[in-house]
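Q: For reference, the chains in residue letters:
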Amino acid sequence: MRLGALEVKLQPRASLPGWKAALISVLAIVVALLLFSVLFVLARVSPLEAYREIISYAFFNRFGLPLSISRGIFLLLCTYAFIVPYQAGLWNIGMTGQLYLGSLAVYAVVLALGGKANPSAAYPAGLIIPLLMLAAMAAGAAYAGVAGFLKGKFNVNEIVVTMLMNFIAFWLVSYTIKEGGPFMGGSGEGEGFKLPAALNAPLVAGVPFTAFLALALAVLLTFMFAKTKVGYEIRAYGKSPAAARYAGISGLRIPVLVFLIGGALAGLAGYHYFAAVPGVYKIPTNYGYFGDLAFYGIICGLIALGHPLPAIPVALLFGGLSVGGRFAQGKLHMNFGLDYALLGVLMITLVAFQFFYRYQIVVTRLEREPADVRVLR
Amino acid sequence: MFEFYARSLEASMIFTFAALGELINQRSGVLNVGIEGVMLFGATLGFIVAQTTGSYAAGFAVAILVGALLGLLHGFFTITLHGDQVVSGMGIWILGFGLTTYIGSAYAGPLGLPRIPTVFGVSPFVFLSIALVPVVWFVLSKTSLGLQIRSVGENPVVAEVSGISVARTRYLCVTVGGMLMGFAGAVYALNYNPVWNYNFLMGWGFISLALVFFSLWNPWILLGGSLLFGVFWQLALNPQLVLPGLMSRYIWRTVPFAITLVVLLLMSTPWFRAKWGAARPEALGQPYVRD
Amino acid sequence: MQHETINGFQRGAPVLELRGITKRFPGVLANDRIDLEMRAGEIHAILGENGAGKTTLMKILYGMLQPDEGEIYIRGQRVKFHSPQDAIALGIGMVHQNRTLVAAHTVLENIVLGHPRAGRVLNLKRAGEEVAALCERYGFKVDLKASVWQLSEGEKQVVEILKALYRGARILILDEPTSALAPSETEKLLASIQAMANDELAIVPFITHKLPIVLATSHRVTVLRGGRVTARLDTANANERILAREMVGREVIFRLERATVERGAPVLQVEGLSALSNRGYLALRNVSFTVHEGEIFGIAGVSGNGQHELAEVLAGLRPAVGGRVLLDGKDITNASTLERWRLGMGYIPAERNEVGSIGDFSLVENTAMNYYFDPQYARRGIVDYKAMRRLTEEIIAHYKVVTPGPDVRARNLSGGNLQKVILGRVLARRPRVIIANLPTQGLDVGATEFVQNQLIEAKKAGAAVLLISEDLDEVLALSDRIAPIYEGAFMGILPGGEAEREHVGAMIAGTLPKDLVV
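Keeping their order, the protein sequence lines are chains R, V and A.
Each residue of the first sequence is one higher than the last, beginning at 1 in my numbering.
Each residue of the second sequence is one higher than the last, beginning at 1 in my numbering.
Each residue of the third sequence is one higher than the last, beginning at 1 in my numbering.
Certain hints may be false.
Pulled from the structure, derived: some chain A residues nowhere near chain R, Cβ distances all over 10 angstroms [stated by the list, open to error]: (1) His96; (2) Ser277; (3) Ala315; (4) Arg324.
Computed cross-link-like contacts, PhoX-like style, restricted to lysine-lysine with a CA-CA straight-line distance of at most 25 angstroms [said to hold, decoys possible]: (5) R:Lys227 to R:Lys239; (6) R:Lys153 to R:Lys229; (7) A:Lys188 to A:Lys141; (8) V:Lys142 to A:Lys145; (9) A:Lys80 to R:Lys9; (10) A:Lys386 to R:Lys229; (11) R:Lys229 to R:Lys20; (12) R:Lys9 to R:Lys20; (13) A:Lys400 to A:Lys330; (14) A:Lys386 to R:Lys227; (15) A:Lys386 to R:Lys239; (16) R:Lys153 to R:Lys239; (17) A:Lys59 to R:Lys9; (18) R:Lys116 to R:Lys194; (19) R:Lys282 to R:Lys116; (20) V:Lys142 to A:Lys125; (21) R:Lys178 to R:Lys194; (22) A:Lys330 to A:Lys141; (23) R:Lys194 to R:Lys282; (24) R:Lys229 to R:Lys239; (25) R:Lys178 to R:Lys282.
With the C-beta cut set under 7 angstroms, the calculated list includes, among others, these residues of chain A facing chain V [said to hold, decoys possible]: (26) Pro84; (27) Thr100; (28) Val102; (29) Glu109.
FYI, nobody ran anything at the bench for these hints, they're computed from the structure.
Because the structure is a prediction, the values reported are computed rather than measured.
Just so you know, even glycine gets a beta-carbon here, dropped at the ideal spot from N, CA and C.
My request is simple: use the sequences and hints to build the entire structure.
A: Dropping the structure here:
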């Protein structure tokens with residue numbers, strides 16, 4: 001395209017330095033929030049006021065902030081569950097089902113220990129809580145592992161498999177907590193039984209300890225990708241399965257491995273939200289909502305370009321936006337689903353911005369020929 | 001029992017419309033995993049427009065239009081910007097999922113229009129969906145346009161040097177495919193189950209996507225698959241019809257998904273692939289960049 | 001009149017002229033004031049090495065690129081091509097070296113694809129009759145109902161020519177027309193080319209090497225070097241030496257130095273090996289041979305005769321359906337790829353961009369492809385990237401790889417430089433056996449020479465080298481023993497020094513010379 005003496009061209013990037021990628025990601029979020037404000041305008045709400053309500057509740061309110069952090073940590077774990085397979089070029093969109101399975105495993109263990117019948121019993125929390133977490137991770141891993149195995153062994157599309165398994169898990173949870181299911185609580189509202197108080201996860205500075213675990217995991221995962229042999233194998237497989245095979249990397253082991261890790265992390269997210277966040281401590285009747293939130297993990301993972309550390313601020317921001325959005329929706333008398341709408345707008349904006357990670361706009365002057373014309377190699 | 005089969009047929013018609021739309025996409029080499037999102041948009045906007053105007057025609061028209069627009073959007077991201085087809089499809093799905101939840105929540109509840117009259121006891125769309133299958137088959141395998149579409153899906157470089165515009169052909173397919181998906185959503189919301197609820201498609205789009213893989217990209221097999229899946233779906237909703245009292249109704253709801261998984265697995269075994277594997281469009285999922 | 005000037009072309013009359021064609025790319029002058037003239041009924045070869053500007057010129061002729069300067073005339077009329085469609089409309093047809101056919105479609109579907117006369121509803125019957133008539137006229141034989149993936153390279157080329165002719169091409173551009181063909185197929189093709197030239201078509205083959213074919217078939221030759229025309233002569237006045245000198249710019253020695261090394265113990269033993277192709281048919285049939293220390297064992301063959309499957313089976317990338325493979329006496333038939341690397345196998349794959357390297361990885365990370373599992377470079381599951389970087393820098397220095405540094409992504413390297421990196425990192429493992437699959441394909445003369453010399457050096461150092469090549473001259477020049485392969489089976493194993501080019505040529509085409517005792 002020519003503009004006077006200037007030529008404007010789109011060129012594929014040869015490389016993308018980290019700070020530029022971060023800039024594009026931040027820009028994508030800003031543009032998405034601008035686009036999102038259209039919804040406020042349509043609902044005759046001032047976007048400035050709406051954002052002020054959202055942000056102030058999410059991050060500057062003593063009720064909102066802990067909610068935002070717990071939510072953000074939940075999204076962060078879901079993001080890891082997405083990122084690990086993503087680094088291997090595979091799409092795990094089954095965090096929802098995996099976290100459901102994780103929470104089912106938690107309550108299965110509690111049920112087996114008699115926690116449903118006797119909620120006030122004393123338990124050795126230091127022993128049982130790690131057991132619950134392990135159960136959640138094992139169940140999530142096993143559930144996701146199916147997708148990894150089918151992908152590695154038979155090349156079945158992992159997107160379809162994980163999504164179908166989301167629906168299966170969704171109905172399984174309904175079965176367990178509703179209409180006389182084994183985990184149904186006493187309230188009769190179709191929700192799970194309450195976690196015995198002795199097994200409530202300890203809080204550190206008012207935040208469940210899982211938050212710190214999640215932050216430590218970011219460092220661990222970063223180290224794994226950057227330095228370890230298995231990290232190298234995962235990345236090589238992600239960039240080129242054919243080249244990875246040539247290098248002796250198993251085309252079955254890697255898909256299975258990344259889905260096992262991803263599923264375990266999603267299972268941990270299930271433990272976190274349904275057994276460690278204050279005020280929940282059960283599988284609630286609206287568990288579907290938390291399952292849907294897991295899809296934020298895809299967006300966080302993509303915005304962070306598959307890197308665990310940058311995912312932390314993004315997940316915390318989105319956690320806050322979703323908590324604040326719910327609050328603003330009530331306060332400003334807007335329709336249900338504001339946080340869902342934000343999810344959609346963020347995602348589609350990010351898709352549009354993918355372009356800028358790959359291409360750059362180059363403006364050149366047309367006047368002179370390049371001076372260093374030489375013969376082709 | 002007639003009622004059961006009639007409703008099964010009506011379930012299949014939705015699978016057929018949506019999966020045919022996806023099949024047309026994929027034959028041109030474009031994978032659209034956002035099919036559920038397009039259907040949600042078609043269903044929700046079709047529902048709202050039909051309810052507010054009182055006109056079914058307006059509802060369907062809007063659903064087709066929004067399907068076309070989302071198809072074009074997918075085309076813009078993947079064909080013009082050479083974006084990753086999975087990323088774009090995911091974006092469209094999550095956009096549909098998120099935005100329709102917000103837009104539709106004010107209209108939650110029944111449609112409140114007189115039902116569309118049935119023909120021989122089933123929805124007229126059943127006949128339309130079955131009639132569409134030979135049409136798509138004929139266009140794809142017997143016409144010049146079909147050869148173009150298949151070539152673009154198999155090998156876009158060859159198509160381009162043979163004088164075919166890859167971009168134009170793919171845009172045509174994503175648009176027409178999107179229209180069918182949007183229409184499928186509207187058939188669901190205006191005819192099959194005219195009660196708006198958040199995310200009320202609950203996986204119809206993803207099952208349709210699996211159906212296309214199952215069909216080996218052949219419209220006739222796709223029709224067979226739709227009929228089969230329609231029965232399973234209806235069975236999952238009404239287990240008491242066949243096996244009263246066996247298992248919780250929630251467990252039954254998992255059955256269509258579990259069966260879809262098993263079918264996908266069977267057709268991915270080495271035995272099956274060796275026999276039929278060549279059917280997959282070679283360039284499926286790959287962006288085409290002209291140099 | 002009609003028979004004398006078919007479509008307005010008259011024998012000997014100039015049909016296509018290029019005047020002062022210049023094309024620049026950023027930092028590169030690809031075509032520099034090129035003048036050309038082609039006449040009806042003439043076979044006019046364009047000769048040049050990779051990088052001489054042939055590809056650019058070809059693309060300009062076919063409308064895929066527009067020249068920065070210069071003019072194109074067709075029958076004296078100045079024309080401008082904006083796309084291949086314009087060129088096709090003016091009677092130019094192109095037969096690409098990288099086949100432009102849809103593998104899943106039938107021959108006929110490929111021929112009518114995109115043709116305006118195909119009809120809205122395909123009329124394949126009429127088209128079939130028309131194409132059959134073309135086949136009859138020029139002596140082509142091909143099953144129009146077969147799927148293209150079932151065809152041999154020669155048949156695919158015929159389909160491409162038919163496709164161009166069906167669209168009314170009167171000027172046929174052939175890109176490396178004989179490069180992938182067996183000698184017998186080459187003969188048939190040359191006969192058809194003569195028949196077409198007799199029919200007043202202008203034929204313009206673009207050729208890198210195979211000078212004897214140029215001398216045997218063409219009427220005139222134009223030689224390109226460094227984007228310029230360096231010679232333009234009647235073939236009658238040309239010989240191999242003149243053409244080679246003009247093409248390379250210096251006297252060329254046609255023989256590589258053959259190093260004779262004492263043959264050592266057997267390293268790689270293959271017994272009755274069979275394997276399936278991707279499409280599921282038996283592509284490799286009961287092949288047996290042994291490669292010794294200090295020996296280059298060459299496998300000569302036309303593309304698609306099972307040599308690719310053989311390489312993959314040996315590398316552990318494809319399962320064997322029969323037979324055994326021994327490495328230093330150890331059975332590795334079912335060993336994983338990784339075990340083979342560990343036991344001292346080194347594999348240089350033919351697909352250097354898709355398999356041999358990862359485009360998005362830096363050179364350091366690419367080097368790691370053959371070392372990440374090595375205890376020397378990865379301890380307790382941690383990869384020693386510092387050591388990897390040192391090794392990469394050594395390879396870059398030792399192999400004179402042109403790159404800004406070891407952190408550049410592999411996709412930014414040229415083919416020759418990338419191949420040097422792959423070769424370097426494989427050879428640095430000091431493998432017992434090296435499987436080199438088409439190691440010089442697509443490389444320029446300098447890089448080819450370098451790669452060949454490295455293989456000879458490895459052999460001198462005592463490695464067993466299995467060289468798979470489609471370039472007969474390369475196999476003949478490098479190998480101590482030669483196995484011509486045809487339809488998945490060896491036609492024999494010949495001693496390298498004495499093998500006659502003609503014999504090997506006949507054998508890779510599936511015929512056993514009568515006077516040859518194997």
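Q: Please go over all the hints and tell whether each is borne out by the structure.
A: Hints versus structure:
no. : hint                 : verdict
1   : His96                : 20 angstroms, holds
2   : Ser277               : 16 angstroms, holds
3   : Ala315               : 7 angstroms, violated
4   : Arg324               : 21 angstroms, holds
5   : R:Lys227 to R:Lys239 : 17 angstroms, holds
6   : R:Lys153 to R:Lys229 : 22 angstroms, holds
7   : A:Lys188 to A:Lys141 : 10 angstroms, holds
8   : V:Lys142 to A:Lys145 : 15 angstroms, holds
9   : A:Lys80 to R:Lys9    : 24 angstroms, holds
10  : A:Lys386 to R:Lys229 : 14 angstroms, holds
11  : R:Lys229 to R:Lys20  : 28 angstroms, violated
12  : R:Lys9 to R:Lys20    : 19 angstroms, holds
13  : A:Lys400 to A:Lys330 : 36 angstroms, violated
14  : A:Lys386 to R:Lys227 : 11 angstroms, holds
15  : A:Lys386 to R:Lys239 : 22 angstroms, holds
16  : R:Lys153 to R:Lys239 : 19 angstroms, holds
17  : A:Lys59 to R:Lys9    : 22 angstroms, holds
18  : R:Lys116 to R:Lys194 : 7 angstroms, holds
19  : R:Lys282 to R:Lys116 : 11 angstroms, holds
20  : V:Lys142 to A:Lys125 : 12 angstroms, holds
21  : R:Lys178 to R:Lys194 : 14 angstroms, holds
22  : A:Lys330 to A:Lys141 : 48 angstroms, violated
23  : R:Lys194 to R:Lys282 : 5 angstroms, holds
24  : R:Lys229 to R:Lys239 : 15 angstroms, holds
25  : R:Lys178 to R:Lys282 : 13 angstroms, holds
26  : Pro84                : 6 angstroms, holds
27  : Thr100               : 5 angstroms, holds
28  : Val102               : 5 angstroms, holds
29  : Glu109               : 6 angstroms, holds
Going down the numbered hints, you'll see the structure goes against 3, 11, 13, 22, while the others check out.
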